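For chain A, the structure is supplied; the task is to place chain B on it using the hints.
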Amino acid sequence: MLNEQEAKKLIDKIISYSKADEIIVNVTGGRSGNIRYARNTVSTNGETDNLAVSITSVFGKRSGTANGNELDDASLKRTVLRSEEVARLAPENSEYLPALGPQQYGKSLTFSDATANVDPSFRVDAVLASLQECIAKKITAAGFLEDTTGFVAIGNNRGLFGYNKATSGEFTVTARTADERGSGYGVQAFTDASKLDTKGITTIAINKAVASKETKEVKPEKLTVILEPQAANDLLSLLINAMDARTADEGRSYFGKRGEGNRIGSTLFNEKVNIISDPLNADNPASPFAPDGSPRQKTTWIENGVLKALPYSRFWAKQKGVDALPAPAGIIMQGTDQSLDDLIKGTDKGILVTRFWYIRAVDPQTLVYTGLTRDGTFYIENGAIKHAIKNFRFNESPATMLANLEALGKPVRIGNNMIPPMKIRDFNFTSLSDAV
Amino acid sequence: MTAMGVGALAIPDYLFSRPVDASQLLTNGMDTGAKKALADAALNEAKRSGATYADVRIGRYLTQALAAREARIQNISNNESYGVGIRVIVNGTWGFAATNEVTKEAIVKCAGRAVALAKANSKLQKEPVKLAPQKGLGERSWKTPIKVNAFSIPVKEKVDLLLKVNSEAMKAGATFITSNLFFVNEQKYFASTDGSYIDQDIHRLWPNFSVTVVDKKTGKFKTRDALSAPMGMGYEYLTPKASEKVPGPLGLILYRYAYDMVEDAVQAAKQATEKHTAKSVLSGEYDLVLDPNHLGLTIHESVGHPLELDRVLGYEANYAGTSFATLDKWKTGKFNFGSKIVNIVADRKQPYFLNTVGYDDEGVPAKEWDLVKNGILVNYQATRDQVHMLGQKESHGCSHADNWGNVQFQRMPNVSLRPGTQKLSVDDMIKGVEKGIYILGRGSYSIDQQRYNFQFGGQVFYEIQNGKITGMLDDVAYQSNTQHFWNSCVQICDESDYRSFGTFFDGKGQPGQVSAVSHGCCTSKFTKINVLNTNSAKPA
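Respectively, the protein sequence lines represent chains A and B. No gaps in the numbering here: position 379 of the first sequence is 379 in the working numbering, and each next residue is one more. No gaps in the numbering here: position 379 of the second sequence is 1379 in the working numbering, and each next residue is one more.
Since the hints were made in silico from the structure, they are not lab data. Mixed in with the good hints, there may be bad ones.
Said to hold, decoys possible - Covered by chain B, per the in silico footprint, the following chain A stretches (three or more residues, Cβ under 8 Å):
hint: 1; region: 84-90
hint: 2; region: 93-99
hint: 3; region: 159-172
hint: 4; region: 227-239
hint: 5; region: 249-262
hint: 6; region: 412-421
hint: 7; region: 424-435
Stated by the list, open to error - Calculated lysine to aspartate or glutamate pairs in the EDC-like style (CA-CA distance at most 20 Å, straight line):
hint: 8; chain 1: B; residue 1: Lys1216; chain 2: A; residue 2: Asp244
hint: 9; chain 1: B; residue 1: Lys1329; chain 2: A; residue 2: Glu250
hint: 10; chain 1: B; residue 1: Lys1216; chain 2: A; residue 2: Glu250
hint: 11; chain 1: B; residue 1: Lys1373; chain 2: B; residue 2: Asp1328
hint: 12; chain 1: A; residue 1: Lys318; chain 2: A; residue 2: Asp337
Unchecked claim - In silico contact screen, one side only, chain B against chain A (beta carbon under 7 Å); selected entries:
hint: 13; residue: Ile1076
hint: 14; residue: Asn1100
hint: 15; residue: Asn1121
hint: 16; residue: Asp1448
hint: 17; residue: Tyr1452
hint: 18; residue: Val1490
Note that the structure is a prediction, hence the values are computed from the model and not measured. Think of the CB as a built atom: it goes at the ideal place given N, C-alpha and C, for glycine as much as any other residue.
Excised from the complex, chain A in its bound form (with noise of 0.2 Å):
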C-alpha cells in the first residue's frame, strides 16, 4: 500500500526510464482478505497482498501495455522496455486519442480506516456472530465475507496525476433450514467495515428461511411485484451496464433510435424514475476518476423517466463533438421515505421477491432476461405477507420494469449502489421452479 508522495514518486520514475513519445503508468497495491463458510464450519480462507504497475508506451498511434510486480528498478526498466516492445509490434490504432493532461479530482470519500485494520481474527469473530444465530436456530449457513483495502494511482507524461485509495467490502449469507424445506438470503456491502453487522444480516436470512419452509404455488402470468433492494439491483444493474452512446448510435442497443443516433431526451420510463451518480456521496463513494483518468462528476442519467445522459468514450465524444462522459462507479436511484413494510401495506395482491438468480440476456435489443427468483419469495394479500410460494422463473426486460414503476422505498446499499424497494406491476413470470 503506497501513500499519494510515494505512488507519485514511483510513478515519476517510471516516465524517467520511457523513450516512447507518450507513457501511462497506472500503480494499484492493497490487501484483500476472505473467509468462507459453509455447513455451519469454516471451508476455505486466504488473504492476499498486492502491489503492481501496468506500463502503456504509445510511439505515434501504436500502443502496448506491460504490466509488473517486480519494482526494483532494474526490473521496472524492464518493464517499460517490455511496453515499448509492445507498442512497436502492434498495428496502428485508428481511434488512438492522446493521453490526457493535467486534471481536477473531488476528494474522495472511499477509504475507512476501520476497514483498513481488518485482520483475520475480525473475520473469524464477524462469521463467529453469524454461526452462533444459525446453531441457535438449528438453521444451516453458507456465507462469505471479503474486505479489500487499496489504493489507485495514474500518471503519465503529460503532466496527468490521480491518487485515491479505497476500502470496500461485503458480506453474504444463505441460511437454509435443516430439513432443506426452507432458504433466506441477507447481504451488507461496506466501505466501513465498523458498520457490518453479520448478526443482523444472518438474523434476516434466518427469518426468510424459516418462512419460506411452507410454500404454495403461485400460477406463473404477469404480476405485480416488490423487488427488495437486491432484486431491484439484480435487474437495473444490466440497464446501466447497456448505457453507451456508441452502441446505441451504431444501432445495438436498446439506446438506440430506429435509423440512427441515440435517445437521450426520450421519455422512456415512469416519470418517478431518478437516477444519478455521484462520486462523492458518502453513502456509495467511488474514486474520483475513471480508469484513463477522466474525471468522474456528478451526473444524471435519467430524470422523471427521461434518458438525459449515456456514457461516451473520449473516442466517440470527439467523433460526436461532445464531452466526453465516463460510465458510472455506482449509482443512486431516488426513493422515497416509505419502507419496505409501507409498501407492501399499500399492496393488495403482489409478489415479494427476496433477489434474482443466474439472470441471463434472451435479447439484447429489448433488454429482455431470463432468471428465477430465489431466497425468499411470498405471496402479498391485502397488505401483508401471506404465505410463501415456490420460486418463479422471469423473462422481462428492466425497461419494462422502470416503465411498469408504481412506487419507490428508501434506498440502501446494494454493492455500490444506491437502490429503494420497488413497486412493479405486470412482471413476466412464464414458468415455476421446484428449487429451494
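Showing chain B alone in chain A's frame:
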C-alpha cells in the same frame, strides 16, 4: 453457476499477470530440480509448524490474447503470471497462502502464513478435514499432446487471420464483427507431503467471433456467434481440414477437431442477415434436435453442475447453489436421471478436451468414470476431502485452482454424453421429426440454483415439419426440468457425429474462479419440449 458467456470475450485476469514478449512464452522457466527444492522447503516448513498435510503449487501461467473489431486490431497482450500457492491442514482445518515471490525465503514465510491462517480458522471448525489416501507418485510429468505450440506462431499471422475473418464477414453482409484469439499455456508444478512431484505443461486455445447485422429500416439488429469450440489443442486446430468438417443439413458446415474461422464467419454473416426475415416461433411443444455445439452447454448446466459433490453437500449454497441430485436419490440406485439411452461419463483423459490433464491439483491421476449409466444416477464428481462422504476410498481427481494465487477446490471434469449405439445420422434423425426445431450454437442459458428448471436459447434455429427443414426460426428458447428433459431423450446419433463444446470460463466459488471444461456428444433428439417465444415481453 457458470460465468460462461458473461466473460466470454475477456481473458481471465490472472493474479499479478504481466505481459511478456512472445519469445519468452516459449521458454519453460525454472527447471524441475529447482522447483522441487523450493517445494520441499515449503513442505518442510509446513510440517515443522504443525501441518498434518501440505501441498505446494508452483505455477507459470502464460496467456496471449488478440482482439479485433472490423478492420482494426483493438488489443494484443502477452501475459505471464508466476507464483506459489501453499495449502496446509492444521487442526483438521485448511489454510491457504500465496506469494508471487518465488524465492526460498518467501516460500518458507508463505508456508508459515498458511499454517497461521489454518490455526486461526480452526476456531470455527466443526467437521475436521478427512483426506482420501493418495499414494506418493514420485516424480512425474505430463503434457497436452499438441502438434503446434500456438505461442510459436508469429503475432502477425494471428493478426492477419483475424483481419481476414472480419473482412470476409463484412463482405458477406456483417455490419459489425468482433473477433478474438485466446491462447493459454499453464506450466504447473505440484508437490505434496504424500511424496508426489508432478510437472505438467497444459495448452488450450479458443478462436471466437460475434457478427452483428443491423437493419436500419426496422431499427433491429441480429447477431451470430462462432460455432467454434475452445480446445485442449495447439495451433493445429486453426488449420482447416476437410476431414474435420461435418456437413450439416441445408449446406451448413460444422466442425470437429479443426476449425475454419473464415468460413464460419462468412456463414455467420449470412445467417445473421437471414434472421431478420426469419419466422418468429409459435410457442408450444416441439421435438428438439440439438447439435453438439448447443447440447454441450445443456449438458454442462443440467448434468455437470448438479453432480458436483460440493454443491450436493451444501458447500456452494451461498453462491452457485445446491443440487436436486441429492445423496438419498443416488443411494436408492434407481434414480432415473434420464432415459435408458442416456449414458454420461466424466473423463479427464479425453484427447483434445479442455479439462484433460495428467493429474489434478492435489496429485490424483486423471480418470474416467460413469455419472449416469443406462439413465440411472451412479456417481458424482469429488475431491480427496469429499469422497469419504460417498463411502468411496479414492478421489475422482476433480481438484483444480485457476491460478497459483487461488486455492484449489472441486471443479467439473469433462462431462459427456456417450454416442448412440445404433447407426443414425442427423439427416435420418430429422426425417423422423413431425413438428420440431433444429438448434445450433450456444445462446442464452439460465438454470435455477438446484438445477431443476432451465431455459436455453441458441445461435441458429430451423423449423422441422414432417421430416424436413422448412426454414429459419427466430425468438426461440426452450424451458424444461432437468429430469423430465433427459427422460425425453429418445435418439442419439452414432459416434461419427461426436463433437465437443467447451468454455474457458466456467465460474464457481467465492472468491470466484474460472475453469476450462469440454462436453462431448452427438446430435440428439428430445420429444415434446416446451418452447417459448422470447419476443413476447416487450419493453417500453
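Check: Counting residues of the region 412-421 of chain A whose CB is closer than 8 Å to a CB in chain B, do you get three or more?
Finding: As far as the region 412-421 of chain A goes, the hint is violated, because 0 residues have Cβ atoms under 8 Å from chain B.
Check: Within 20 Å, alpha carbon to alpha carbon, are A/Lys318 and A/Asp337?
Finding: 42 Å, violated
Margin query: Just to be careful: measuring from the Cβ of B/Tyr1452 to every Cβ in chain A, is the smallest value less than 7 Å?
Written below: 4 Å, holds
Next item on the list: Using 7 Å as the Cβ threshold, decide whether B/Ile1076 counts as touching chain A.
Entry: Hint holds; B/Ile1076 Cβ to chain A Cβ min 6 Å, cut 7 Å.
Note to self: For B/Lys1373 and B/Asp1328, compute the direct alpha-carbon distance and say whether it is at most 20 Å.
What the structure shows: The given pair, whose Cα atoms are some 17 Å apart, holds under the 20 Å limit.
Item checked: Within 8 Å of chain B (C-beta), three or more residues of the region 424-435 of chain A -> holds (count 7)
Margin query: Can you verify the interface hint for B/Val1490: is its Cβ closer than 7 Å to any Cβ in chain A?
Written below: Nearest chain A Cβ about 23 Å off; hint violated.
Next item on the list: Report holds or violated for chain B covering the region 93-99 of chain A, Cβ cut-off 8 Å, minimum 3 residues.
Entry: holds (count 3)
Item checked: Interface hint for B/Asn1121, Cβ within 7 Å of any Cβ on chain A -> 5 Å, holds
Notebook entry, point to check: Given the hint that B/Lys1216 pairs with A/Glu250, does the C-alpha gap stay at or below 20 Å?
Noted result: Holds. B/Lys1216 to A/Glu250 sits at ~10 Å (cutoff 20 Å).
Item checked: Annotated coverage of the region 227-239 of chain A by chain B, confirmed only when three residues or more have a Cβ within 8 Å -> violated (count 0)
Item checked: Annotated coverage of the region 159-172 of chain A by chain B, confirmed only when three residues or more have a Cβ within 8 Å -> Our answer is that it is violated, as 1 residues pass the Cβ test (under 8 Å) against chain B, missing three.
The earlier numbered hints that this structure contradicts are 3, 4, 6, 9, 12, 18.
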